[in-house]
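The sequence shown runs -19 to -1, 1 to 531 under mature numbering (1 follows the signal peptide of the UniProt record, and there is no 0).
What the hints contain is simulated information worked out from the structure, not anything from laboratory work.
Keep in mind that a hint or two might mislead.
[Said to hold, decoys possible] Restricting the straight-line Cα-Cα distance to at most 27 Å, the calculated cross-link-like pairs of lysine-lysine (DSSO-like) are:
#	residue 1	residue 2
1	Lys438	Lys327
2	Lys236	Lys117
3	Lys235	Lys153
4	Lys111	Lys30
5	Lys193	Lys111
6	Lys312	Lys385
7	Lys273	Lys290
8	Lys193	Lys78
9	Lys144	Lys99
10	Lys364	Lys144
11	Lys391	Lys312
12	Lys236	Lys144
13	Lys78	Lys55
14	Lys302	Lys153
15	Lys385	Lys153
16	Lys235	Lys78
17	Lys117	Lys55
18	Lys193	Lys235
19	Lys312	Lys364
20	Lys144	Lys193
21	Lys99	Lys153
22	Lys302	Lys385
23	Lys153	Lys111
24	Lys78	Lys117
25	Lys153	Lys117
26	Lys391	Lys364
27	Lys55	Lys106
28	Lys273	Lys153
[Unchecked claim] Pair ranges (Cβ atoms, derived):
#	residue 1	residue 2	range
29	Gly25	Ile263	49 to 55 Å
30	Met59	Asn119	42 to 48 Å
31	Thr240	Ser110	33 to 39 Å
32	Tyr47	Gln256	38 to 44 Å
33	Tyr47	Asn324	48 to 54 Å
If you're wondering where the values come from, they're calculated on a predicted model, not measured in any experiment.
Every residue, glycine too, gets a C-beta built ideally from N, C-alpha and C.
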Amino acid sequence: MFSVLLFLTNLIVLSTADGYTCAGYLVNPPEDLTYYFPNDWREGMEPAKYAGSQTCNWQINVLEGYYATVTFYKNTDMESGITCTYPNGQEQYIEDKDHNPYIFTYPQFQVNLHVSDKQGEFSFKVVWSKYPATCKMNMELTDAGALSAVASQCVNTYTSPNKVMLVGFTLKDDSDVFLRQSAVFEGDSVNGQYLGNLYYARYQQIVSPSNKLTVHTFDLYRNFNYTLFMGMDTRAAGDVQQITGLNCPSDPNKKCYITLNANYNISAIATIGRQPDFLEPIMQFPSESTLKIYEEQINDNHLVATIDKSNYQTRFPMAVKNSLKIYHLDKGRVSIPLTNSENDAKYDTVFDGRYVNVHSFDYGRTSYQQDTSQTFQTQPSEKLYFQFDVKYFDINGNTTLDIKVSRDGKLVFSDTFSQTNLPPANTLKVLGDQMAINYQTYGNYTMGFEVDLLTTKNDDDSSSPTTPSPSVTSSTIVTLSTSSPSANPKTTVTSNTFKSSTLTDIPTTGSTTPGGITRGTTQRYETSTKSGTTQFTFVSVLLIIISFVL
């Protein structure tokens, strides 16, 4: 039975030429009817006119196991006093001519009208629905990683060792208000405490009171087939107080920016995708700020770069890889142009003082998708020293790492590293105008490679090599010490440490440890590893070369 209980002073809506007047209402859901306000208003009609200088309130109940879909029709002179209140007490301003539905859940939501002396138009429609029988996806989090999700017909329940932090993502091409058609609950079902929705998660961090959190996306799957949210354990978030997700526009001609505002708290932005983020150069950087860039997890082992006022001009453009990229800012505000186009970012052009950390896409965890081909060149007619150091090289099977440096179209350095020809333990410095790095796994699963590259200008072109490669012109290469060519290199992964895959499949070849981490029998070369890897004794080779010379 449909019942509407009116309280305060009015028992009916009074309609006059000056508009309707209203007061307070308690609305209980009908079994099979739609509720309209005013009662004689219907969709397709202009919203009903209200009289100015009045206050009204609707308290609308929602039964457990049901949800309410509400469409508001508001035409005013930007009247700010018309709002709605969610079950968790969050108040939301209702925009003019915004007909995208809202979804409200058990036990109650409210509609508020507190207007000035100006007339306006306001009507709304409420439809109660029972939650349909649906599938459920259980997503187990670790205290280090994260798991993303797309909208689907299933509800998603996250379970974590500690509390669950929900990360809401922007929409690529549509207004974020579509994300109102979602609901987030504490616990493992839609019967838990209402915590917010994906639209709310864009602006206010949602954290579950317990170690479980459930997301219902209703019909969003019909329109959006990319990442809309991500769950992570609160410990995995580190010191981040506010983290949101970014989906760049589908149109490559539309600019995309990573805009971090840490004026009030430590903030982060996450992007997800199987293509690199290319960060373009920026004109300035706040003196008080430090930007940290992570791949896959927020911890020092996954730190790609630390950017501040002193080095930002030499670190961009930059390529950030792995399925999950996280940008962390401690204070201030930073905006960085982002593109998926290497050419747009001019990533392959080097200059005096530029530092590049070159690594495979899934570097640091076992993957079949580590093949990498990257070329860098100077500006026309410019010669620079390419100072490079192989920091890590997984040499499983017939995997190879090929490095070439050219000058004026002629090859001046070339070497192909493999199980039988390991990289030197020292840093090499080669004068040229182009460098090519090619890592090929030939179908083997590996943890990838990492090369540090620093390009510098040096007037002394007559440097002679100490230990030239057989295929190198001796007047173009200088051997340096075994230190990294720049500050803040990425921490290398030891042979017995694996990253836990959270966003892509891990190969199932080899023995599997708890947590789904695959361990194989790969061999690895790493300049800083003391045990557990194939070792390269540079001193021994140096002695052999000296004896040859003598």
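Check your understanding: Hint numbers the structure violates, sorted upward?
Key -> Numbers 2, 4, 6, 8, 9, 10, 11, 12, 15, 17, 18, 19, 21, 23, 24, in rising order.
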